[in-house]
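J.: Given these sequences and hints, build the entire structure.
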Amino acid sequence: MISRRAFLRLFGGAFAASAGLLSYAFIEPRYRLVTTSYRFTPPGFPKRAKPLRIAAIADLHAVEPWMPLSRIEEIVRATNALEPDLIVLLGDYVSAIPRRLRSGIVPMQVWGGALAKLSAPLGTFAVLGNHDWYHEPEAVRATLAGNGIPVFENEAKKLKTADGFEFWLAGLGDQVARRDDLASTMRAITDDAPALLLAHEPDIFPQVPERISLTLCGHTHGGQIRVPFLGPLIVPSRYGTRYAYGHIVEQGRHLVVSGGLGCTFLPVRFAMPPEIVLLQLG
Numbered sequence: 029m030i031s032r033r034a035f036l037r038l039f040g041g042a043f044a045a046s047a048g049l050l051s052y053a054f055i056e057p058r059y060r061l062v063t064t065s066y067r068f069t070p071p072g073f074p075k076r077a078k079p080l081r082i083a084a085i086a087d088l089h090a091v092e093p094w095m096p097l098s099r100i101e102e103i104v105r106a107t108n109a110l111e112p113d114l115i116v117l118l119g120d121y122v123s124a125i126p127r128r129l130r131s132g133i134v135p136m137q138v139w140g141g142a143l144a145k146l147s148a149p150l151g152t153f154a155v156l157g158n159h160d161w162y163h164e165p166e167a168v169r170a171t172l173a174g175n176g177i178p179v180f181e182n183e184a185k186k187l188k189t190a191d192g193f194e195f196w197l198a199g200l201g202d203q204v205a206r207r208d209d210l211a212s213t214m215r216a217i218t219d220d221a222p223a224l225l226l227a228h229e230p231d232i233f234p235q236v237p238e239r240i241s242l243t244l245c246g247h248t249h250g251g252q253i254r255v256p257f258l259g260p261l262i263v264p265s266r267y268g269t270r271y272a273y274g275h276i277v278e279q280g281r282h283l284v285v286s287g288g289l290g291c292t293f294l295p296v297r298f299a300m301p302p303e304i305v306l307l308q309l310g
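All residue numbers for the sequence shown refer to my numbering, where the first residue is 29 and numbers rise by one.
Hints may be right or wrong, so weigh each one.
No farther apart than 16 Å at their CA atoms in a straight line, the calculated lysine to aspartate or glutamate pairs in the EDC-like style are these [stated by the list, open to error]: (1) K145 <-> D191; (2) K75 <-> D191; (3) K145 <-> D113; (4) K188 <-> D113; (5) K186 <-> E102; (6) K186 <-> D220; (7) K185 <-> D220; (8) K78 <-> D191; (9) K145 <-> E102.
Rather than coming from a laboratory, the hints here were simulated on the basis of the structure.
T.: Take a look at the structure:
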């Protein structure tokens, strides 16, 4: 039989460990920032002496005190330091934290002005996410566009690098908001140059044709809370954990899902630190 002293020691240790883990879960989203790099040659992409560098930012969820202006500026500086050829924003710029758990919002013109400082030779392009559609989507679109960041909705644009490599960048309308039209998006791609697709939610991936070299998504936050040996507890996808996070290849088609930067509902992350994704293609 365990003694009272041993029981108290065991209970105290368990309590301290639990308190430490809980504290870390609040610290991780506010103070950690990592860069996750992927280098591969997707279908249709030529082998290049210098790979195409794409930086992807997802799920900013600007809000005080968890994603304040200073944090957004830190993310912008870190992204620019990667020297990408192209920057893509994968949706959800506005807060998804309940009022009782936040001290205020970051006004659109404030976070928009910070994102305007993103810099890449081929530019910065965006799609909207489901939370943007919950909160004044046209104002979010206007904020991004007014700061030099075009917002794609079922459309595509052909880009050309300094060394003459041409490819398509396409953006799908948000699926949760029922704005997605994959057929129209594909019709906007008018020749056989490689094509990349931006989509906020990864659930579209089973429908994406082989014509798309790579699909880039956010939305899931990688589960936001990942339990060792179990993985993410909750993934906002009808496919469960299938498209929760990372580089996924199915039938030769490539998908990269970012773990994102901000938080939804609770301002906590665990074993899923905020990340900037750097893709090196070719």
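J.: For each hint, tell me whether it holds in the structure or not.
T.: Comparing the hints with the structure gives:
1. K145 <-> D191: Not OK: K145 and D191 at ~25 Å, beyond 16 Å, violated.
2. K75 <-> D191: holds (13 Å)
3. K145 <-> D113: Satisfied, since the Cα-Cα distance of roughly 15 Å is no more than 16 Å.
4. K188 <-> D113: holds (10 Å)
5. K186 <-> E102: violated (30 Å)
6. K186 <-> D220: Roughly 11 Å separates the two Cα atoms, so the pair holds.
7. K185 <-> D220: Status holds; Cα separation ~13 Å.
8. K78 <-> D191: holds (10 Å)
9. K145 <-> E102: holds (11 Å)
In terms of the numbered hints stated before, the structure departs from hints 1 and 5, listed from lowest to highest.
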